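Undergrad: Given next are the chains, with one letter for each unit.
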Amino acid sequence: MSTPVSTEIAPAVGPTDTQAGQGGSRRLLRSGALKVGAGVLLLLIWQFGVRLFAPSYIATPLHTVQRIPAVFADVQFGADVQTTLLAILEGLGIAVVIGTVLGLVMGRLPDLNRVLGMYVGTFYAMPLIAVVPLLTVWFGYTPTARLAMVVLEAVLPIIYNVAEGARLVPTTFLDVTRIHHAPWWRVWLGVVLPNALPYVLAGLDLAIGRALIGAVVAEFVTAIPGLGYYILFNVRSFHENEAMVALLVLVAFALALRALINLAIARGLRWYRPA
Amino acid sequence: MPVHGDTKIRVDSLAMNYGDRPVFSDVSFDVREGEVVSIVGPSGCGKTTLLRCVVGLARPTGGAVEIGGERVVDPPEGVAMVFQHFGLFPWKTVAANVAYGLTVRRMSKRDAGPKIAALIKLVGLEGYEKSYPYQLSGGMQQRAGLARALAIEPSVLVMDEPFAALDAQTRDVLQLELLRIWDTRRAAMMFVTHSIDEAVLMGDRIVILRGRPSGIFDIVDVGIPRPRGRATVDTERFRVVRDYVWRAVMQDDELGAPERPADDTTSVGH
Amino acid sequence: MTTQVVKKKRLRAWSGYAVGLLLGIVVWQVVGLHMSSETFVPLTTTLHRLGQLVADGTLPGALWTSFRSYLVGMAFALVLGAFLGLLLARRRLLRTAFEPYVVALYATPMVGVIPFLLALLGFGFWSKVVVIVVFAFFPVLLNTQRGAQSIDQELLDVARCYRSGEWDVWRHVIIPYTLPYLMTGVRQSLARGLVGMIAADYFLSSDGLGSLLITASERFDTAEMLAVTLTITVIGLILMAIGRLAESYFARWRVGG
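Chains as they are written, first to last, in the numbering used here: chain A, 2 to 276; chain B, 3 to 272; chain C, 25 to 281.
I should point out that these hints are in silico values taken from the structure, not numbers from a laboratory. Quick caveat, the model's predicted, so the values are computed rather than measured. Any given hint could turn out to be false.
Over the 12 Å line for every Cβ pair with chain A, so calculated as not near, a few chain B residues [to be verified]: (1) Asp22; (2) Asp32; (3) Arg73; (4) Ala97; (5) Gly126; (6) Met252.
Computed, partial: chain B to chain A, Cβ under 8 Å [to be verified]: (7) Leu59; (8) Ala82; (9) Met83; (10) His87; (11) Pro92; (12) Trp93; (13) Tyr102; (14) Gly103.
Listed next, with one range per pair, are the computed distances between beta-carbon atoms [stated by the list, open to error]: (15) A:Arg31 with C:Ile199: 28 to 34 Å; (16) C:Gln28 with A:Leu87: 55 to 61 Å; (17) C:Gly148 with A:Leu30: 42 to 48 Å; (18) B:Ala120 with A:Leu29: 51 to 57 Å; (19) B:Gly71 with A:Pro111: 36 to 42 Å; (20) A:Thr143 with C:Asp176: 53 to 59 Å; (21) B:Thr63 with C:Leu47: 34 to 40 Å; (22) A:Gly94 with B:Gly80: 40 to 46 Å; (23) C:Trp150 with A:Gly25: 43 to 49 Å; (24) B:Lys132 with A:Gly25: 33 to 39 Å; (25) C:Asp192 with A:Leu249: 43 to 49 Å; (26) B:Thr63 with A:Leu87: 55 to 61 Å; (27) A:Gly94 with C:Val103: 38 to 44 Å; (28) A:Ile69 with C:Asp176: 45 to 51 Å.
Each residue gets a CB set at the ideal place from its N, CA and C atoms; glycine is no exception.
If we strip away everything but chain A, and leave its shape as in the complex, we get:
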């Protein structure tokens, strides 16, 4: 398939190096200006749309920004951030362990895959947050319920991806282990697991978004302290700008985690070349 080379800068017939360089950086500046411009436009629409059409307690960008120092100084806020973020990290950690083990086993044992796979697929197809009320019955309105929800949400994409990775170990690698009479644990730890590592990280990437949803919904329903409940509480008490700050922190956390994963992939998995 041929992709036509589209250039916005003049082709290399004639222009000097500096000219071509300027063309490139000029393009970057233009795209940056566009992005900033668009952002400003959106913020303006938000600000004036709310001011003109909505009640005064609705969040606006200006007030949100104004409230940031107060929110960050709030002890309760700090505690809530910590609780929720730690819960998410803990849940993700548990999910990675369980998900990787289950995924590896399911990937290499086709019979087990058929027996268990249908349940993984079923839980994947349903809105898992429907399980939150059930979790509150089992665990009460406690942080455990939130943790359980996070683990449930996060474990599914990990199992799915790791199973795929474990299933797809190239035959050649397994041939090598057989020729050299590698014991079973060497095959699993030395070949199947490293081969599945890119898939673990891909699953983790998906799991982060789901984990966040699980944590927030759990906090909404159980009203336990945390960022989700902070948002709910503050919106209900007409402190929407404070709540908006909390929401932004959540988003920042999600983006940071995913950036971390991508960094791990870029650094740690430099050797990865998909077959």
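Got chain A sorted already, so can you dock chains B and C onto it with the hints?
TA: Structure of chains B and C alone, referenced to chain A:
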């Protein structure tokens, strides 16, 4: 006067079915110590499957294989394999890959170190010990694959179209490299290839497969003395053998039965 | 492969699924019998309760309430998402300007936005619809955009060559090409829309499926919770199956599906 030793690999009436369909049947030949046997045949004749049966990676439907007098069921000790797509673990360095066989055999790093270093030098990868496979070209990866095979000091070396995934020039270079390296440690070698030139260049004898299902059409003595080199392909004998094998594989019988080159009983080693 | 070997493989596969299903049923039943009825109830009890809920109209009512908003929300999400996706794909200026914000919004947990929407729009049908749109709209947008953006320039040149007007290009090239991508987006958004539906039920409704679950949990009525959850699961499975079918149907002409 046979220059090669006792029979190392004996293949006896080997047959393989894929479901109901026979892939090859009644394949019998042997490989003696210090000998290279090339296996060549048209696409789909089951050369690779045959090779996998010989090393115990696959179970044949009929017949048996013996290596060193012992029946082959699973990959036996002392057998090493070089793969078409190299089979290097991408998450290990070159040195770690080369050392894999020794690592599995629990050799200490202290003992393995000098061996690995020597092998890496032998295959011409000095300086790349800490590189990862993704940083190497195909030819370099296959050199590493070869070093890994040699690390366990195998008595049987098996090659599955080792140069098929490489470009023509790299292939030429590595063929000569392999000849040079093999000369220093003559394990019994089975060399599967679809390149007839390669089969003649590498082998002392050539097993020609053809038919549907495949069977052995003939086993030819190459009869070219070692050491071989670039000049080998220009010799008369090379041409004669190659033409015969080519016509045999391509089933080019319309010009009458291809004239079989005489078994060269005067083949000398050194 | 022989029919013999194929038959054996298929038998093994199907018996695997059968065993799995049987196992699930047995485990559900056994665990339910050994636990207090507040913690877990057996499958039989669940199904019995399901029957009751259907008979007395609770479940059908809740289904209707929830899915009314779901269907309307999904319709809006689809149209809006497809339109904006195509727009961003074909107008580079807009794309450069707005893409980072689209990506940032996609990464936002939309559940967190629900309280704000509640405050803004109050209870009721349309606020639920908005929630569902907000959940379901992004996969459609992103997939449509990706599809429309990846059209080989050659194909467009061919169309122009034959003197096709703008509308013809859209009708014969852009839309058919983008349709499979759109379907992938639809499949994903069907799932996200369901999440939005339940989340909206938790907050913005007193008689949807989600609210049934909440009230049942407050009564420790596990049988009802399981029955409703089972219903939601089955619906989820059906929707996913539809989504996958639509996706593969429209991707027929694609090399490699």
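Undergrad: Does each hint hold? Answer for all of them.
TA: Verification of the supplied hints:
1. Look at aspartate 22 of chain B: its CB is around 23 Å from the nearest CB on chain A, clear of 12 Å, so calling it non-interface holds up.
2. With a minimum CB-CB distance of about 21 Å to chain A, aspartate 32 of chain B clears the 12 Å threshold, and the non-interface call stands.
3. Against chain A, the non-interface label of arginine 73 of chain B holds: every CB pair exceeds 12 Å, the least being about 17 Å.
4. With a minimum CB-CB distance of about 14 Å to chain A, alanine 97 of chain B clears the 12 Å threshold, and the non-interface call stands.
5. With a cut of 12 Å on Cβ distances, glycine 126 of chain B stays outside the contact zone with chain A, its closest approach being about 22 Å.
6. Distance check for methionine 252 of chain B against chain A: the nearest CB is about 30 Å away, which clears 12 Å, and the non-interface claim stands.
7. Hint on leucine 59 of chain B holds. Least Cβ distance to chain A is approximately 6 Å, under the 8 Å limit.
8. Contact between alanine 82 of chain B and chain A, as hinted, is supported at the beta carbon level, the nearest pair being about 7 Å apart and thus within 8 Å.
9. For methionine 83 of chain B, the shortest C-beta to C-beta distance to chain A is roughly 5 Å, which falls under 8 Å, so the interface hint holds.
10. The beta carbon of histidine 87 of chain B comes within 6 Å of a beta carbon in chain A, closer than 8 Å, and the hint placing it at the interface holds.
11. Below 8 Å, beta-carbon pairs count as interface contacts, and proline 92 of chain B has one with chain A at about 5 Å; its hint therefore holds.
12. Given the 8 Å rule on beta carbons, the hint for tryptophan 93 of chain B holds: about 4 Å separates it from the nearest Cβ of chain A.
13. Interface hint status for tyrosine 102 of chain B: upheld, as the beta-carbon distance to the closest one in chain A is roughly 6 Å, under 8 Å.
14. With its C-beta approaching chain A no nearer than about 5 Å, glycine 103 of chain B sits inside the 8 Å limit, and its interface hint holds.
15. For the pair arginine 31 of chain A and isoleucine 199 of chain C, the supplied restraint of 28 to 34 Å holds, since their beta-carbon distance comes to about 31 Å.
16. Evaluation of the 55 to 61 Å hint for glutamine 28 of chain C and leucine 87 of chain A yields a pass: the beta carbon distance comes to about 57 Å.
17. In this structure the hint that glycine 148 of chain C and leucine 30 of chain A lie 42 to 48 Å apart at CB holds, the actual value being about 47 Å.
18. Restraint check, alanine 120 of chain B to leucine 29 of chain A: a C-beta distance of roughly 52 Å satisfies the suggested window 51 to 57 Å.
19. The supplied range of 36 to 42 Å is met by glycine 71 of chain B and proline 111 of chain A, whose beta-carbon atoms lie about 37 Å from each other.
20. The beta-carbon spacing between threonine 143 of chain A and aspartate 176 of chain C, approximately 55 Å, falls within the hinted interval of 53 to 59 Å.
21. Remark: the range hint 34 to 40 Å for threonine 63 of chain B to leucine 47 of chain C is upheld by a beta-carbon distance near 36 Å.
22. The hinted range of 40 to 46 Å is satisfied by glycine 94 of chain A and glycine 80 of chain B, whose Cβ atoms lie roughly 45 Å apart.
23. Evaluation of the 43 to 49 Å hint for tryptophan 150 of chain C and glycine 25 of chain A yields a pass: the beta carbon distance comes to about 48 Å.
24. Range check, lysine 132 of chain B to glycine 25 of chain A: about 35 Å between beta-carbon atoms, so the 33 to 39 Å window is met.
25. For the pair aspartate 192 of chain C and leucine 249 of chain A, the supplied restraint of 43 to 49 Å holds, since their beta-carbon distance comes to about 46 Å.
26. Between threonine 63 of chain B and leucine 87 of chain A the Cβ separation comes to about 59 Å, which falls inside the hinted range of 55 to 61 Å.
27. For the pair glycine 94 of chain A and valine 103 of chain C, the beta carbons lie near 41 Å from each other, so the given range of 38 to 44 Å is met.
28. At about 47 Å, the CB distance of isoleucine 69 of chain A to aspartate 176 of chain C agrees with the hint of 45 to 51 Å.
The structure agrees with every numbered hint stated previously.
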